[in-house]
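There are 2 protein chains.
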Amino acid sequence: MLTVDAALDAHLEATREARLDSYKAFLRIPSISAIPAHAGDCRAAAAWLAGALSEAGLEHAEVLETGGHPVVYADWLHAPDAPTVLIYGHYDVQPVDPLDLWTSPPFEPVVVGDRMLARGAADDKGQIHAHVMAAAAMLATRGRFPINVKYIFEGEEESSSVHLDAWLTAERDRLRADVAIISDSGFFEGNLPAITLSLRGIMYAQIDVIGTAVDLHSGVYGGAVQNPANALAQIIAALKGPDGRVRIPGFYDDVVPLTEADRFALANLPFDDATYQENLGVPALVGEVGYTTLERRGTRPTLDVNGMWAGFQGEGAKTIIPAHAHAKVSCRLVAGQEPDRIFEAFRDYVDAIAPPGVTTRVELIGGGFPSLTPMDHPATQAAARALEATFGRAPVYIREGGSIPVCASFSTILGLPVILLGITPPDENAHAPNEWMDLGNYETGIRTFARMLDELIDLPR
Amino acid sequence: MLTVDAALDAHLEATREARLDSYKAFLRIPSISAIPAHAGDCRAAAAWLAGALSEAGLEHAEVLETGGHPVVYADWLHAPDAPTVLIYGHYDVQPVDPLDLWTSPPFEPVVVGDRMLARGAADDKGQIHAHVMAAAAMLATRGRFPINVKYIFEGEEESSSVHLDAWLTAERDRLRADVAIISDSGFFEGNLPAITLSLRGIMYAQIDVIGTAVDLHSGVYGGAVQNPANALAQIIAALKGPDGRVRIPGFYDDVVPLTEADRFALANLPFDDATYQENLGVPALVGEVGYTTLERRGTRPTLDVNGMWAGFQGEGAKTIIPAHAHAKVSCRLVAGQEPDRIFEAFRDYVDAIAPPGVTTRVELIGGGFPSLTPMDHPATQAAARALEATFGRAPVYIREGGSIPVCASFSTILGLPVILLGITPPDENAHAPNEWMDLGNYETGIRTFARMLDELIDLPR
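Those sequence lines, one after another, are chains Z and F.
Note that my numbering has the first sequence beginning at 1, numbered continuously upward.
Note that my numbering has the second sequence beginning at 1001, numbered continuously upward.
Since the hints were made in silico from the structure, they are not lab data.
Fair warning: there could be bad hints in the mix.
[Stated by the list, open to error] Mimicking SDA-like on lysine to any residue, the simulated pairs with C-alpha atoms at most 20 Å apart in a straight line are:
#, chain 1, residue 1, chain 2, residue 2
1, Z, K318, F, V1112
2, Z, K318, F, D1021
3, F, K1318, Z, F107
4, Z, K318, F, Q1094
5, F, K1024, F, V1112
6, Z, K24, Z, S159
7, Z, K24, Z, G113
[As the list claims (entries may be wrong)] Examples of chain F residues lying across from chain Z (beta carbon under 8 Å, computed):
#, residue
8, L1002
9, T1015
10, A1061
11, A1079
12, G1281
[Said to hold, decoys possible] Computed beta-carbon distance windows for the label pairs:
#, chain 1, residue 1, chain 2, residue 2, range
13, Z, A352, F, P1374, 29 to 39 Å
14, Z, D114, F, D1348, 48 to 58 Å
15, F, D1340, Z, T275, 37 to 47 Å
From a predicted model like this one, the values you see are computed outputs, not experimental measurements.
Beta carbons are placed, not taken as given, at the ideal position from N, Cα and C, and that holds for glycine.
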């Protein structure tokens, strides 16, 4: 840990024990949002958090209703000519089963070596606790922030953030800012400081292929009618070419291409195809030609069957032509692509390639926008400077293939650039037994979050 | 009904009431082979049948053990220079559920108009009762048969004839004959007298496509690995071309081509594509180019997915790359094709076309030989003359797409040509509620079966 602000450091050194006690107290609240019996615990965690924000010296610390688990809000808005940052995290946690794989009870936090062990230690209570502690230390040592800050910590991230978009829409004025920082991601392999530049969006659809009202005898009718399962296989096979590219007309039209700098950054990450393949246990890595594995899984759109079913699935033989066949198909989307437009192109193409003799239905099940804040964005660079100043090395830039829905919501509803600045170790067992936080990351992360506020002072408004 | 043998006719007229009583007594025995609780009823039906054969004047009437439900055997072998015919049927019946759709109890036979209504009235107790009555009438009026006759009536046809092949193999000597007549098929649409010339065989296999040990997150891994469900769809789609032809190398090599006479006979059947399509409720009939619907479903091999499954099949969205994907695929086979050879070609082709990044397994689940007795076979022509002499019109020649396993067993184990001579109406509700037999078909059929024995006298031995 580097010394970047002597007063802040001294304060943090002096308050370490009390801070760990506070961290543990927060972790003891079993705020599992997906389990209705824990609704009261979620509310208790929100109240605890609002109290901690208020105690840190932030203003307007409130528990706000959303229709589901509440959002905790607080702000400090006394830097009239400076930018405003919106800081996001979530206080809810994943369920804990299977309980017997935990080495200690998930809601009785313990420090083992340099690790805090508990459900939520990393995802995401550890990260938001670090933000609150950064704010407390800054106000204790300086009495003010260099910029304006707003905090929102939600309670439904682990159960699909169902009420968040409506709440963001309703609270648009209160949440006005220049940039959002989401601390719900982590470091790269080997615990390298990292900034996540992009997340993919998604288009999720179902294809139904309908033949007859009931299954047919495959001997009596085989050869005379289209088989819906064969037809579905034909449709799916035609969606992608042997080059791994999606064949839907217009699919790639709006994709924001990678810059040379993007490709260089990905190429220089410590990542080994052979090890990755071996860990997955597959005979080969495959995907779109012309792109590396990291490019394909983080920066290129995909098309995957998530599920498929038709006819007889039991032991042995049943000789039928299934009456109908179904598939769930999703596309991961990258910057530039819009879920609705991709769905329309998908539906039109499926209709166009469906073989004769069956009826085809294509239905949109869900969608989410991708997000991207470029490496050269001033806020990205501010985050990079904060990481380098505190962790002693420039961050790597990574691209995540999955989605954090709130990230796209911040872009589309609030119109904010989003910086994904997280400090959890890459193998922290989030969503699994024995979740842990590296206490070095936690302590240095507090300094990173504080430094980030200093670095954002020059953000163009 | 035409008068073809005045003495036989007179006898049959005089014994009509007693015969219907006997028919009903046979139908009253609930010989459902698939339900273990009815094992005693199956044995009772066998005993009843052996008694009826013996009463008719046949010799060696016996109930023979098979390891399952028994076979009933009887013979008359006193025409030393004449051919021998083996007559086959089955005394077991289908289950009766759903019981509430029956207009009268399934095992309390009633005559309604010109129909006998009961489970088994047609399939197959009605047909074998007609054979026994034909034998009784012939022996009563002539004291002898023109040729040698052997009867075998099995009790497991409705539950896969599991013990029959081993029994046929063991009893090969006792069953020596020149031709087999199977009476377990029916007339054509509109109740036209019909001879079924061929049945298709089958090759049934399962394809397993294996990716990873567990499902993967489609966001985190999508684009980097092969998706087993997409891969399976590619494999299935590659098995058939847009012309409806199977692409497996060598698949059609051994197919016995249709003769011009075969095609002419099928083309002249009263069959209407538009009505057939409308009844099925499909937007089009599809299949191999260059063949009519009746040719495609009766005389050409097929490839159909019978079932298919992978990944998530529930409501909504689950964003995974399935760990594995599976399909049950079967080919209906026609004369000349052998199930084992077709499986090997299928397996080799699947292995050859499987995309990279997954492991593929192909397993044989079951197979059955096709059967064909040509239209110009002397026994086919004998059956045709018998039908024309009694029903007053030449039969139509049909090809069934399904399989009667015993048919192939008679060919392969006993080396016999097989004539499929059945007299049930085409819409008799076999396997369904309210099964019925047309009593006109039944009475005339008795004369047909008797006449058939006369017509076989010139069969080359």
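Hints, one by one, checked against the model:
The straight-line distance between the Cα atoms of K318(Z) and V1112(F) is roughly 36 Å, outside the 20 Å bound, and the hint therefore fails. With a CA separation close to 38 Å, the supplied pair K318(Z) and D1021(F) exceeds the 20 Å bound. A threshold of 20 Å between alpha carbons decides the hint, and for K1318(F) with F107(Z) the separation of about 28 Å lies outside it, so the pair is violated. Taken as a hint, the K318(Z) and Q1094(F) pair is honoured in the structure, with Cα atoms around 17 Å apart against an allowance of 20 Å.
At most 20 Å may separate the alpha-carbon atoms for a hinted pair to count; K1024(F) and V1112(F) meet this at roughly 13 Å. Taking the CA atoms of K24(Z) and S159(Z), the gap is near 23 Å; set against the 20 Å cutoff, the hint is violated. Distance check on the hinted pair: K24(Z) and G113(Z) sit about 15 Å apart at the alpha-carbon level, within 20 Å; holds. The interface hint given for L1002(F) is broken, as the beta carbon of that residue sits about 32 Å from the closest beta carbon of chain Z, more than 8 Å.
Of the supplied interface hints, the one on T1015(F) is violated, with its beta-carbon coming no nearer than about 37 Å to a beta-carbon of chain Z, more than 8 Å. Proximity of A1061(F) to chain Z is violated relative to the hint, the smallest CB-CB distance being about 34 Å (cut-off 8 Å). The restraint placing A1079(F) at the interface with chain Z is violated, with a minimum CB-CB distance near 37 Å, outside the 8 Å limit. Taking 8 Å as the C-beta cut-off, the interface hint given for G1281(F) holds, the closest approach to chain Z being about 6 Å.
As the Cβ distance of A352(Z) to P1374(F) is approximately 45 Å, the hint placing it in 29 to 39 Å is violated. In this structure, D114(Z) and D1348(F) meet the distance hint of 48 to 58 Å, their C-beta atoms being roughly 57 Å apart. Separation of D1340(F) from T275(Z) is about 43 Å and conforms to the stated range, judged on CB atoms against 37 to 47 Å.
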